[in-house]
Amino acid sequence: MSRIGVAFDKARADGRALLVGCMPAGFPTVEGSIAAMTAMVEAGVDVIEVEIPYSDPVMDGPVIQKASDIALAGGVRTADTMRVIEAVAATGAPVVTMTYWNPVERYGVDVFARDLASAGGTGLITPDLIPDEAAEWLAASDAHGLDRTFLVSPSSTDVRLAMTVQHCRGFVYATAVMGVTGARAQTSDAAPTLVSRVRAATDLPVGVGLGVGTGAQAGTVAGYADGVIVGSALVRCVLDATSEAEGLAALRTLSAELAEGVRNPVR
Amino acid sequence: MSADALAPVAGPQPDSAGHFGRFGGRFVPEALVAALDELDGAWRTAMADESFRAEFGALLRDYAGTPSLLYEARRFSAKVGARVLLKREDLNHTGAHKVRNVLGQALLTKRMGKTRVIAETGAGQHGVATATAAALFDLECVVYMGQVDTERQALNVARMRMLGATVVPVTNGSRTLKDAMNEAMRDWVANVDETHYLIGTAAGPHPFPAMVRDFVRGIGDEARQQCLDLTGGLPDAVTACVGGGSNALGIFHAFVPDEAVRLYGFEAGGDGVATGRHAASITGGSAGVLHGTRTYVLQDADGQTLESHSISAGLDYPGVGPEHAWLHDSGRATYLPVTDDEAMAAFELLCRTEGIIPAIESAHALAGTVALAPKLAAELGREPTIVVNLSGRGDKDVHTAGDYFGILDKER
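Line by line, the protein sequences are chains A and U. Quick note: the first sequence uses the UniProt record's numbering, first residue 1, plus one each step. Quick note: the second sequence uses the UniProt record's numbering, first residue 1, plus one each step.
Keep in mind that a hint or two might mislead.
With beta-carbon atoms standing in for the labels, derived distance ranges [what the hints assert, rightly or not]:
(1) A:Gly108 - U:Glu307: 21 to 31 Å
(2) A:Ala90 - U:Glu307: 45 to 55 Å
(3) U:Arg332 - A:Asp132: 24 to 34 Å
(4) A:Ala90 - U:Lys110: 34 to 44 Å
(5) A:Ala162 - U:Asp49: 48 to 58 Å
(6) U:Ala54 - A:Arg114: 49 to 59 Å
(7) U:Gln13 - A:Ala216: 48 to 58 Å
Short, incomplete list of chain A residues facing chain U, as computed with Cβ under 7 Å [to be verified]:
(8) Ser2
(9) Ala35
(10) Thr38
(11) Ser55
(12) Asp56
(13) Met59
(14) Thr78
(15) Trp101
(16) Asn102
(17) Asp128
(18) Ile130
(19) His144
(20) Val159
(21) Val180
If you're looking for bench data, these hints aren't it; they were derived computationally from the structure. Every residue gets a Cβ at the ideal spot worked out from N, C-alpha and C, and that includes glycine.
Just need the whole structure built from these sequences, with the hints factored in.
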């Protein structure tokens, strides 16, 4: 079983959900992103999702777009992302990568998989790669022992949902709302239904993302999902801060609140 | 002809998942797959439905004013050294070939029971065309436009608003066409149940490239027959400008099986491909994934999209439709860059010889034709016949061209 799978099992045994926190590599700088992710782990985030900044992130809302733009303007390269993954993996927390497909294709799919595995990454979340187009990635992830997380959506048909989860390894990413990333005032009504549809199709753990930003929301999602994925709310801590120290403090506070939330599932 | 603009033809088709060889396909969030499947189904059903074809044909004829003329440009021909036949898409309602695509997609939107259309636009031409169709079909219309473009194309913003559309300036990324497209995709993911994304060119995820091509391919069907009627034979070459590439595919498609007819696509070479300031995705880019499809893309070593540059806002896009990528790889069509200066020289030549002000986009096709004519004449040993897609009129470009030629009175 993959390291992510072990982490999910342990959380399940503890009667709680796993907390996955997302941050773009190189935001605000390469070193700054390592510090941010390390602070998140120290404050209770179980799994770090390292997003590779991309110029055209169509699944991301304004907060992550802004952070990606800042990272790219700072000159971050895909190779730097590998360094970030290595540094964060050294904390002991499982690290999963999230990326749009073109940077992987440009890096070379097999070489990317090889470097990701040797940096200590457990797998890849692919927001704009569906299994239908993923033949090369399926082969490379098999060859290098990486997990594959494809997305399922409230609009996925049963047939597509079954096909998609069949190609997943590690965990399944359920997008809670029809929309892009970004914290929302209310969590989604569609998500519990989607999660139960996924459970009917696979034994893999299910992470729910899009729109979670508070401890209370994390508790609500933890009531029905195995993993709670938080991105924009964490990124905003760094984006809105006037100094690195202030950003890290805000990140620690929110991470701890979210960690508390996933330990108090609302069932 | 236009009464059955969708009749099946023998031209090339993608596989059932929209792959043109190694290009095309769908690189999209799973959330959009259901909508793309629905659209694919609606398009295929419509294509096989005589009532849809009749309705589309009637709209093209009575509303858009097609078939557009094939006009023999004698004075231009004399300067160029070829018999040049202009496919006058500039005379269509809204001033370009794009009206064909928006009418087709608006009809499909109605058929799918959707009430809202969204679109991206660069210079505003596709936005205006979409707003036009939305008014005609009583659809809510939201147009995303980069903030840089809303400022430099204020007149088209006003036009869209007059037609009842909401124009949303996009302030992220490079604030141009590609960012407008990103923002439209984001809107679509969030509102897909009632919204159709009316993509303006033969790019994007399947079925858009093949579907848009089908809606505009009447250009080539008409031109082929008109050329036969006028000259008694097929042309030696067909030329068009290529940004996303819908006007070029529209005129190429009918000629693809005619192996003796050479197909030339002229890309926006900007300051010259060697300078890096251009929008020539095939001649100056590399294979990659952008906006839902695999095609030629302007990108850096890490796969980040590069900004494109062209005097023509309609060609200023860092990608190209996947069918062009495929026609390029197969060698069936030839793609060459045309610089801003070459395009503007041809722009002026057409104005002065024929009294026709072309869109700067179309001026790229004219400039490519000027360069092609003597080579083709030498090779064939006679005067070649060249059909040029005059895809749009230049009214929208008067300010840009006036500025380029330095003929605007100074502001007081």
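Status of the hints after comparison with the structure:
Checking the proposed 21 to 31 Å range against glycine 108 of chain A and glutamate 307 of chain U shows it holds: the Cβ atoms sit about 24 Å from each other. Between alanine 90 of chain A and glutamate 307 of chain U the beta carbon distance is about 37 Å. The supplied range of 45 to 55 Å is therefore violated. In this structure the hint that arginine 332 of chain U and aspartate 132 of chain A lie 24 to 34 Å apart at CB holds, the actual value being about 27 Å. In this structure the hint that alanine 90 of chain A and lysine 110 of chain U lie 34 to 44 Å apart at CB is violated, the actual value being about 58 Å.
Between alanine 162 of chain A and aspartate 49 of chain U the Cβ separation comes to about 32 Å, which falls outside the hinted range of 48 to 58 Å. In this structure the supplied range 49 to 59 Å holds for alanine 54 of chain U paired with arginine 114 of chain A, their Cβ-Cβ distance being about 57 Å. Taking the beta carbon of each, glutamine 13 of chain U and alanine 216 of chain A are about 53 Å apart, inside 48 to 58 Å as hinted. Annotation: serine 2 of chain A was flagged as interfacial toward chain U, and the flag is violated, the nearest CB pair being 22 Å apart, outside 7 Å.
The interface hint given for alanine 35 of chain A is violated, since its Cβ lies 23 Å from the closest Cβ of chain U, which is over the 7 Å cut-off. Given hint, threonine 38 of chain A at the interface with chain U, is violated; its Cβ is 24 Å from that chain's nearest Cβ, farther than 7 Å. With a cut of 7 Å, the hint placing serine 55 of chain A at the interface with chain U holds, because the nearest CB-to-CB distance is about 4 Å. Here the hint on aspartate 56 of chain A is kept, as its CB sits about 5 Å from the closest CB of chain U, short of 7 Å.
Of the supplied interface hints, the one on methionine 59 of chain A holds, with its beta-carbon coming within about 5 Å of a beta-carbon of chain U, less than 7 Å. Against a cut-off of 7 Å between C-beta atoms, the interface hint on threonine 78 of chain A holds, since the closest Cβ of chain U lies about 5 Å away. For tryptophan 101 of chain A, the interface hint holds, since its Cβ comes within 7 Å of a Cβ in chain U; the closest pair sits about 5 Å apart. Satisfaction of the interface hint for asparagine 102 of chain A is found here, the shortest Cβ-Cβ separation to chain U being roughly 4 Å, below the 7 Å cut-off.
Using the Cβ-Cβ criterion of 7 Å, the hint placing aspartate 128 of chain A at the interface with chain U is satisfied: the shortest such distance is roughly 5 Å. Because the smallest distance between the Cβ of isoleucine 130 of chain A and any Cβ of chain U comes to about 6 Å, under 7 Å, the interface hint for this residue holds. Look at histidine 144 of chain A: its Cβ only gets to about 20 Å from chain U, farther than 7 Å, so that hint breaks. Look at valine 159 of chain A: its Cβ only gets to about 10 Å from chain U, farther than 7 Å, so that hint breaks.
For valine 180 of chain A, the interface hint holds, since its Cβ comes within 7 Å of a Cβ in chain U; the closest pair sits about 5 Å apart.
Hint check: violations occur at hints 2, 4, 5, 8, 9, 10, 19 and 20; the rest are consistent with the structure.
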